[in-house]
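The residues making up each chain are set out below.
There are 2 protein chains.
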Amino acid sequence: MRILIFFFSIIRWRSALLWRTFFTTAVVAVVLRGLIEYCRSGKCGLFGQGGLIMFDVGSPMTTYGTPDLLAVIILGIIGGVFGSLYNYLVDKVLRTYTKINEKGPTFKILLVIIISLLTSCCSYGLPWIGKCTPCPANLKEPCPTIGRSGNFKNFQCQEGHYNDLASLFLNTNDDAIRNLFSSGTKDEFYLSSLLIFFAAIYFLGIITYGIAIPSGLFIPVILAGASYGRFVGHLLGPISSLDAGLFALLGAASFLGGTMRMTVSLCVILLELTNDLLMLPLVMLVLLVSKTVADSFNKGVYDQIVKMKGLPYMEAHAEPYMKHLVARDVVSGPLVSFVGIEKVGNIMQALHMTKHNGFPVIDEPPFSDAPELCGVVLRSHLLVLLKGKRFSKERVPTGEAVLQRFGAFDFAKAGSGKGLKLEDVQIEEEEMEMFVDLHPITNGSPYTVVETMSLAKAAVLFRELGLRHLCVVPKTQGRPPVVGILTRHDFMPEHIMGLFPHFSHHK
Amino acid sequence: MRILIFFFSIIRWRSALLWRTFFTTAVVAVVLRGLIEYCRSGKCGLFGQGGLIMFDVGSPMTTYGTPDLLAVIILGIIGGVFGSLYNYLVDKVLRTYTKINEKGPTFKILLVIIISLLTSCCSYGLPWIGKCTPCPANLKEPCPTIGRSGNFKNFQCQEGHYNDLASLFLNTNDDAIRNLFSSGTKDEFYLSSLLIFFAAIYFLGIITYGIAIPSGLFIPVILAGASYGRFVGHLLGPISSLDAGLFALLGAASFLGGTMRMTVSLCVILLELTNDLLMLPLVMLVLLVSKTVADSFNKGVYDQIVKMKGLPYMEAHAEPYMKHLVARDVVSGPLVSFVGIEKVGNIMQALHMTKHNGFPVIDEPPFSDAPELCGVVLRSHLLVLLKGKRFSKERVPTGEAVLQRFGAFDFAKAGSGKGLKLEDVQIEEEEMEMFVDLHPITNGSPYTVVETMSLAKAAVLFRELGLRHLCVVPKTQGRPPVVGILTRHDFMPEHIMGLFPHFSHHK
Numbered sequence: 071m072r073i074l075i076f077f078f079s080i081i082r083w084r085s086a087l088l089w090r091t092f093f094t095t096a097v098v099a100v101v102l103r104g105l106i107e108y109c110r111s112g113k114c115g116l117f118g119q120g121g122l123i124m125f126d127v128g129s130p131m132t133t134y135g136t137p138d139l140l141a142v143i144i145l146g147i148i149g150g151v152f153g154s155l156y157n158y159l160v161d162k163v164l165r166t167y168t169k170i171n172e173k174g175p176t177f178k179i180l181l182v183i184i185i186s187l188l189t190s191c192c193s194y195g196l197p198w199i200g201k202c203t204p205c206p207a208n209l210k211e212p213c214p215t216i217g218r219s220g221n222f223k224n225f226q227c228q229e230g231h232y233n234d235l236a237s238l239f240l241n242t243n244d245d246a247i248r249n250l251f252s253s254g255t256k257d258e259f260y261l262s263s264l265l266i267f268f269a270a271i272y273f274l275g276i277i278t279y280g281i282a283i284p285s286g287l288f289i290p291v292i293l294a295g296a297s298y299g300r301f302v303g304h305l306l307g308p309i310s311s312l313d314a315g316l317f318a319l320l321g322a323a324s325f326l327g328g329t330m331r332m333t334v335s336l337c338v339i340l341l342e343l344t345n346d347l348l349m350l351p352l353v354m355l356v357l358l359v360s361k362t363v364a365d366s367f368n369k370g371v372y373d374q375i376v377k378m379k380g381l382p383y384m385e386a387h388a389e390p391y392m393k394h395l396v397a398r399d400v401v402s403g404p405l406v407s408f409v410g411i412e413k414v415g416n417i418m419q420a421l422h423m424t425k426h427n428g429f430p431v432i433d434e435p436p437f438s439d440a441p442e443l444c445g446v447v448l449r450s451h452l453l454v455l456l457k458g459k460r461f462s463k464e465r466v467p468t469g470e471a472v473l474q475r476f477g478a479f480d481f482a483k484a485g486s487g488k489g490l491k492l493e494d495v496q497i498e499e500e501e502m503e504m505f506v507d508l509h510p511i512t513n514g515s516p517y518t519v520v521e522t523m524s525l526a527k528a529a530v531l532f533r534e535l536g537l538r539h540l541c542v543v544p545k546t547q548g549r550p551p552v553v554g555i556l557t558r559h560d561f562m563p564e565h566i567m568g569l570f571p572h573f574s575h576h577k
Numbered sequence: 071m072r073i074l075i076f077f078f079s080i081i082r083w084r085s086a087l088l089w090r091t092f093f094t095t096a097v098v099a100v101v102l103r104g105l106i107e108y109c110r111s112g113k114c115g116l117f118g119q120g121g122l123i124m125f126d127v128g129s130p131m132t133t134y135g136t137p138d139l140l141a142v143i144i145l146g147i148i149g150g151v152f153g154s155l156y157n158y159l160v161d162k163v164l165r166t167y168t169k170i171n172e173k174g175p176t177f178k179i180l181l182v183i184i185i186s187l188l189t190s191c192c193s194y195g196l197p198w199i200g201k202c203t204p205c206p207a208n209l210k211e212p213c214p215t216i217g218r219s220g221n222f223k224n225f226q227c228q229e230g231h232y233n234d235l236a237s238l239f240l241n242t243n244d245d246a247i248r249n250l251f252s253s254g255t256k257d258e259f260y261l262s263s264l265l266i267f268f269a270a271i272y273f274l275g276i277i278t279y280g281i282a283i284p285s286g287l288f289i290p291v292i293l294a295g296a297s298y299g300r301f302v303g304h305l306l307g308p309i310s311s312l313d314a315g316l317f318a319l320l321g322a323a324s325f326l327g328g329t330m331r332m333t334v335s336l337c338v339i340l341l342e343l344t345n346d347l348l349m350l351p352l353v354m355l356v357l358l359v360s361k362t363v364a365d366s367f368n369k370g371v372y373d374q375i376v377k378m379k380g381l382p383y384m385e386a387h388a389e390p391y392m393k394h395l396v397a398r399d400v401v402s403g404p405l406v407s408f409v410g411i412e413k414v415g416n417i418m419q420a421l422h423m424t425k426h427n428g429f430p431v432i433d434e435p436p437f438s439d440a441p442e443l444c445g446v447v448l449r450s451h452l453l454v455l456l457k458g459k460r461f462s463k464e465r466v467p468t469g470e471a472v473l474q475r476f477g478a479f480d481f482a483k484a485g486s487g488k489g490l491k492l493e494d495v496q497i498e499e500e501e502m503e504m505f506v507d508l509h510p511i512t513n514g515s516p517y518t519v520v521e522t523m524s525l526a527k528a529a530v531l532f533r534e535l536g537l538r539h540l541c542v543v544p545k546t547q548g549r550p551p552v553v554g555i556l557t558r559h560d561f562m563p564e565h566i567m568g569l570f571p572h573f574s575h576h577k
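So the sequences go chain by chain: A and B.
Numbering of the first sequence is given in our numbering, commencing with residue 71 and proceeding in unit increments.
Numbering of the second sequence is given in our numbering, commencing with residue 71 and proceeding in unit increments.
No copy labels: a pair is met if it fits in one copy or bridges any two.
Simulated pairs of lysine to aspartate or glutamate, DMTMM-like, Cα-Cα distance not exceeding 20 Å:
no.: 1; residue 1: Lys393; residue 2: Glu470
no.: 2; residue 1: Lys256; residue 2: Glu211
no.: 3; residue 1: Lys256; residue 2: Asp313
no.: 4; residue 1: Lys201; residue 2: Glu229
no.: 5; residue 1: Lys369; residue 2: Asp161
no.: 6; residue 1: Lys545; residue 2: Glu521
no.: 7; residue 1: Lys483; residue 2: Asp494
no.: 8; residue 1: Lys491; residue 2: Asp480
no.: 9; residue 1: Lys413; residue 2: Glu464
no.: 10; residue 1: Lys369; residue 2: Glu564
no.: 11; residue 1: Lys178; residue 2: Asp161
To be clear, the hints were calculated from the coordinates, so they are not data collected in a lab.
Chain A extracted, bound-state conformation (with noise of 0.2 Å):
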């Protein structure tokens, strides 16, 4: 349960927005600690096992100096290496197994059973290399454990003793993890251990990312910085004398610094995984560095992965090549527009020959003195009103009467898929030279910027304002009043590059 996830969400929200998100993220809170409360005495067998904190562990309170601080520049720079590593590799792998998902769903399939075979393996398998350890003595918990979760799996060991390989793989990944960031349990794993739980639990977290099963990359990402952590601890004891446990947290928070780059979000995420605020300044630090390290390589990997899906993503600052570009430059035409009162055989033809999602609408004479914009329309509206077929013989103004012969949801923005279709819009050959009045419909106040605007402004104000169509509006008088639609596959560095190829788009 992450209470405390909403403050990184709430950047750039409204203030409605973030006081609901405030209130829902409260009663959440308030319910959940209840029914933890009521599971907690046995009445829900299992379930309600836990807290609130994840990984609740409690460490010592830690003092350090500049040597430990050195210690944690180091874990962070080949945790920024490894994390960017990581980014590469993944992407790798994702362009393979799009290919192949693309085969059909056998292949799909076949991939997932390959994969799960493999994991299987590794966790059954490897745990034999693992050596038995005496059961360490003043133990709160019962060492050695089967069939249960916990520290000390006893694998194929003699009574009283544990195999740590196997109390690593042969756990959930939550217990894993909580055993690796447990303190003061220096000696727990064996170096040789933490290595090959390291290499085996990389490894498998990239090549199961993008395989057809529900699964993400905090967990992997978290368990294999937690292992690196507690590695680079062991071999930096000389010089620092951090906790192991700490050392796992900070290889972890490393780990997510080099894969996903969001600094505040990590923080507070890692801050209310351990509820431990003291270790906040180390924690800031280690993702500075590897955050750091790991952008000199290549960017975070869901920037790489929304980069791979194609979707139109826009950066919350302008490129610096916008500066030298004006929006009529990069409006890509022919503009397709429709009259005030328009034919609705115009209408249908735009609507099948192009894929555009809002139309300019202009008012000409003899309904206004000249040509003059009068606003949009959105290509789901007018699917809405020609469905409703509300049509007349003449080119004249209906007004806003004929909304009323639409119910209330009509013109409500559908859910993802549900909205009408343009097959589902039937219209008979005599209704194709009839008229519609498309002033009900049309947002009157649409956006607008001037041809010679600086095409970095027009993108400011397109994502500051989070728009779907920006009108480009002549400067001189005497043309028509719109020179094109600006969308945001416009703002798109592939789209300007193909009209510039001689700007080089530096990031």
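With the hints as your guide, set chain B onto chain A.
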């Protein structure tokens, strides 16, 4: 030291700024932590006592049921009422103080002397009402104490006794808060002492804010809230068994929520003051309740102060009545504009006659086919250009070359009060008849809206992009290319209500 406070400030920041803030915060946290470690060994005298967590109360793991939640909700409701009353009284007192302070420095100082005398009388006088209590057994800290910070002030009691009221009054505010927040000290304070302390601090807090000393609102409100919380916790003892220190924390949260109304940031601040993530659900709940209750009475204290000072603060959302207006409706005239190459005398006259900070620049024939908007020029840039005195006798374009005669930072934004003033620019009589080309200093890509744009949408544009000037352009052709310029003042409810008295200003 507030490590986490930056989390709440990041709302709406750009990512570059976020990253820099994170970096500096990490460095500060690490360095501060190092210095505290260094000073803890006694090398810095009294300096360096304490830690990163201001009130590390280390409460026992709390469990709570429905009656406890009910108690917390009651606490929040009453806290909300007291919080909004605090706002109301602070507002009244501030208005009175503003009048007194305007009368001159003598009155200012006299006011400070009176308030400080009153505070001293309360701090020393009221503890005499307090009763002497025997020191509890099994204490880790010394009791009673004289002349140092901590709980259990001896004041005028006999050996082995302490005065609970003196422990609150004759202490630093930080220590008093720590005393109130401390857990497992249910019987340390008498109910009557808490009531007296609460009344005194509530009253003193209200009359202290606004006098000519550097004082804030946070600590007085936390102090009053903490004593209120303990008091109510005592009274609610029959239905709730929560710790008295936790009640004090929740009381402080309810007062903060009732006065400041910033739920998320307060949550973060309380979290890092106390370092207890498990309290978060209760803190969120009490903040929610108290903010909701207080919102039904008046606005937050900072909103009140902004309004009282007459600052043109734009709300994040557009007011509902703005949907019924268009941009043209609220433009305040008359418009003062320049032509591209303008007579120096005209510029000087405009700068003298108006206080406008931005002027539209319009290109006219023969420099364009028809009058068209070239851009916006700032008053500060005009002053720099005029002081440079690069004038020409004829109306000819000089181009960018003229800028080379200025230094790189001449047009940079000057620090507050450091920019050129109109008096600094001396123009000879003959120069008044000369011309200056404004194109080099004109912002050629101003954001514009059409005059018929919904005022609500114009307000969103203005606010989201953080504009100072917004050009309103005509919809129909054949008219001057600018209708007017919208500034922040034009969006203020007072301005709009003056123009359209029939719109009522509902929040």
